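Got two chains here, each in a separate frame; can you build the complex from them with the hints?
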Amino acid sequence: MSDKNSQSVSYVRETFLEQSPPPLKEAGVVKWMRENLFSGWANSLLTIVAIYFVVNIIIDVWPWFANGVWNTKSLAECREILQGANAACFSVLQERGNQMLFGIAYPADQYWRPTLGFVLLFIAAGPVLFNKLPKQMLYFSAAYPFLAFWLIWGGTILTPIMIALGLIAGYYAFTNVERLKGFALGVVAGVAAATVCVWLGGFISGALPGLIALEVIPSRDMGGFMLNMILGTICVSLSLPLGILLALGRQSDLPIIKGICVVFIEFIRGVPLITLLFVASVVLAYFFPPGTNLDLILRVIIMITMFSAAYIAEVIRGGLAALPRGQYEAGDSLGLDYAQNMRLIILPQALKISIPGIVNVAVGLFKDTTLVSVISMFDLVGAIRGPILGSTDWTGVYWEAFGFAALLFFVICYGISQYSQWLERQLRTDHR
Amino acid sequence: MAEAQMKISDEVAIEIKNMNKWYGTFHVLRDIDLTVQRGERIVICGPSGSGKSTLIRCINALEEHQAGQITVDGTLLSSDLKNIDTIRKEVGMCFQHFNLFPHLTILENLTLAPIWVRKTPKKEAEETAMHYLGKVKIPDQANKYPGQLSGGQQQRVAIARSLCMKPRIMLFDEPTSALDPEMIKEVLDTMIELAEEGMTMLCVTHEMGFARQVANRVIFMDAGQIVEQNEPEEFFNNPKSERTQLFLSQILGH
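Chain order of the listed sequences is A and B.
Residue numbers for the first sequence, in numbering that gives the first Met the number 0: 0 to 431.
Residue numbers for the second sequence, in numbering that gives the first Met the number 0: 0 to 253.
Extracted from the complex, chain B is given alone in its bound form (with noise of 0.2 Å):
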């Protein structure tokens, strides 16, 4: 595996300290402390309800965390919405339901933000959106609607579309629960692909092949806090909480 040639340097990218979170009276995170440097993939798996999700979206704001703090890329995360604009510019998403544009077409869903938040030429915009269509393989597409994508070609204009804003942080919201087992692969080749140009990526997901093969770190989460992190290998061969051992047993068992 290319595991060498990914490089993570020292610099950090997010940094959450102390993070807190309910949601009404209900915990969801708890005492969330996670540091991420410029390069690193980072695989975020657990039972549902566990808040992996919530602690992504955090990142990004679209949840907001009573307390602690996240640093993004320098830019502290507060309630100024000009740091979370900044933040949001630099941080690409992707939804488990894609959340395309449905009026629309697909070169429109890709160029939108470019040119009304990077100020980008129209032209210029278009070139840098064909550019990443081909990246995921689906340039002939550009004039159609989502409506009329499959599942897993919609998934990859959802990557395409965060690609175009350029962003040095890549968060995935389990991108591939929605799709058919069939499309599942053609998504993970396209993060795979992501991953090995050195993006700094944080996934939500169940697919523990793409684990294995593109993380560098699995971090497992239940009840709203960080149980157990590592290595992929060490991760999945030698979990050393009960409850990741329950866990993996459950999803690897059959």
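Chain A with its partners taken away, still in its complex shape (with noise of 0.2 Å):
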């Protein structure tokens, strides 16, 4: 024995303990509430005090739901038949559901044309969304916006069809020069074929305007939560990859091409989109030479495309600088050139970070297309304030119609939040 330790110090482990089971949990009802409800006078105080307030709000709430009048002609009808109940006017939602849905103007024997495309919007989303999906359901994901076109603005089936074609050729025509003659003039190659192949598309089209052909309906009747969905849809799927190329452009070596990205995510984000708006509907057609008419859709499908493409952009870059250099290192040490570096390890990487503040943008964007109500466009929004509001049938009706907003623009939301979550739940490799 030493003088320091009052015994020996010696000691060696003869048997070795086996792992033994944890200590079981106290379970049931009970015990979660007393650990989350009721846990000290504090929490115990605020859990009443919330209890009373919900309960008084689904008690004066529930009978204005549940006692609502469905089939009436006007305000003043249902009015009358409650007597003063304190109770909601769904009939708004019978009589005017379909131009809230699909606008004032859009014929209503039409109406199974945006539908159909609806649907089949779920279909051509899924293999994207979901990569257990069979592959070959991309092609139709694909063939999905062409198809979506036809049947919404309708036209002979060979508009989308020679546009489609012109696309394929000025693939083809990159991708050839491209490895022949490099990059830049594959890129002069494939623009200029998909030109000439849309432009002599167009005369073969035009020639044919009744084959296989749909009612046409112009843009300016196009409304209603349909709006919502064709600018939210298009500019989503459009600002995601332009988001990446600036944000990989800003992060680019050559001055020229870094400079472009800096000062054109700079601009964009500093100007509210309501002008970018307003630029879209009246300005615009000032810098198009006299006489060209640009489809106001497509207009502010630029315009909502380049403010969110601008935002994407800033929260890739934010995925980019997470990484540690040594994957780009990584990368290049084992030969791969800067785009299969980007495309294989960089970006799977970084875009899984950024996740959160993509859908963030995304769902952001998708509430801010009811701005377009602003240049007297009628989505759904625009269509509750002005036709429908303003109507002599169904003035004052607020709660009812923008309570039947809300819940569209929810569950569409609430849809791509869930999806998100899962995206991120199903990409964790890292286990840490």
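It is worth saying that the hints were derived from the structure and are not from the lab.
Just to be clear, a hint being listed does not mean it is correct.
[Said to hold, decoys possible] Pairwise CB distance ranges (calculated): (1) B:7 to A:178: 22 to 28 Å; (2) B:197 to A:338: 33 to 39 Å; (3) B:8 to A:338: 52 to 58 Å.
[To be verified] Some chain A residues flagged as far from chain B (calculated, every beta-carbon gap over 10 Å): (4) 51; (5) 63; (6) 216.
Note that the structure is predicted; figures quoted are calculated from it, not measured.
Even glycine gets a Cβ: it sits at the ideal position worked out from N, Cα and C.
So, in structure tokens, the structure goes:
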């Protein structure tokens, strides 16, 4: 025994302990409530106050909802039935629901077209969003934009087919020229081939306007929630690739590309979306040669896409910055070129980090499509504010109409948010 | 030791002439001259900040040098991207922090470069990958993700990943300094095996046992220049410069 220690420090373990199960937790509702709702006097008080408010709200709202009137022709008629009782006039949804969904001018006998387009959207988005679905379905996803264009705007099916052929021709021209002459000439050849094909195709579809044609519906007749869906879907799917390019461009070593991207991002982010929409509706026409008439929806799509692409670019830049330098170096040292390094190593990781931010922008963008009502496009909110609330029959049904609008947006946005959380769980491989 | 079996040919693998590099105004590498024969195993040591990592990172152009020439396998390293890609295909590298791709499985980590850079068919690339995983003794981990492996296993995967590209030269940048002591040996064993097969290797490391056993030249660097180089026995037993003596006494002293 040493002087320092009261007993010997020498010790050798002779039997090793087996793993034993963790202690059983006290279970049950009572325990959960005690831990989460009544863990102290302050928490108990808050719980009771919260329950009081929730119960009161439900007591007030439920009869309003449950006793709602669904079958009247006008608000006055509805009020007559209610005789001062506190209840909703859901009949506006019955009467004007189609206008809220498809806009005031879309011909009623053609409603099946956007409806079909909406249903097919889920089939087209499926294989893009869930990689467990068969890869062959991606062909349908690729064809969907053209199909949806034909369904919603109508005309001969040749128009979207010719545009699709033009894009395919442009792609082939790009890959072939790029291999021989380099990237820049490849882009030029691709754009040229696509333009020529689309232009030539225009003659063919122009010559046969009746071939497998649907009734033509001009853009100014688009409206309602359909318009929000059109703008939201197209702008989100275009601004993601554009945002990726801008983010990579901003990191580029080439000063001109970097400069363009920085100026674009900073300018667009510094301007309110409404300003850009006014530019789209009024000012943009001055920049085109007289006589050209770029479709209003197309102009709005360009503006919203640029707007959200700038935000997405910054979100992705954050993701790129979060990756350790070693990832770039490992790819480089294996001999991957810039494009391969980005596509296979950097972007999959950077995008994974950026998912919450990208979804944030996408949800915000989708809701911002209601801003088009200020440039007199009758989207869901525009249709409610203008023609529906403005009609003598329905002045004053704010709660029911806007509640319906809120519900539609909430369903879509909540769906997007749930999907993104599921995706994050799927992609979690780092086991931190 | 198997010294005699490790053949060194007269063929030059790497030739560095008068190479200089600056970080801003800081002169990191000063007048480096170094010729590496094929099959040579060189250990580079020196205090931190002496430029040893920068030196080997210049060889596969992860760092750009500003003056002098580097020729790897007969290809002159310039700002020409084609030359850089040619060299990177022939030169494998292992990093201190492994730098495996965390979003890919071990097998995908190994097959990625052969499939995309060498255009090897997927099946063949997977066979090669399994061969090298067997060599570093972890074939059973092929379908796991890097985050599920221990540090030593990750570093062995990183070595296998480089080998899948069938490089003629391997660079090691402090491959064991981020590892727990128990795992250093398994990585060193892999490297020794590689050396015995005649791979041309440049290792930045402070594992002096490894240097004695495998290296046929030890280079000591300080303040961005090569201070002393010699055969390991001579280097460790009879260091010439004072700086080297001081360094060795510090790392071998305890």
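Hints versus structure:
1. B:7 to A:178: 22 to 28 Å: Once the Cβ atoms are compared, 41 Å apart, the range 22 to 28 Å for residue 178 of chain A and residue 7 of chain B is violated.
2. B:197 to A:338: 33 to 39 Å: Holds: the Cβ-Cβ distance is about 35 Å, inside 33 to 39 Å.
3. B:8 to A:338: 52 to 58 Å: The hinted range 52 to 58 Å is violated for residue 8 of chain B and residue 338 of chain A, with Cβ atoms some 37 Å apart.
4. 51: The claim holds: residue 51 of chain A sits with its nearest Cβ about 48 Å from chain B, beyond 10 Å.
5. 63: holds (50 Å)
6. 216: Non-interface label stands for residue 216 of chain A: nearest chain B Cβ at 45 Å, farther than 10 Å.
The earlier numbered hints that this structure contradicts are 1 and 3.
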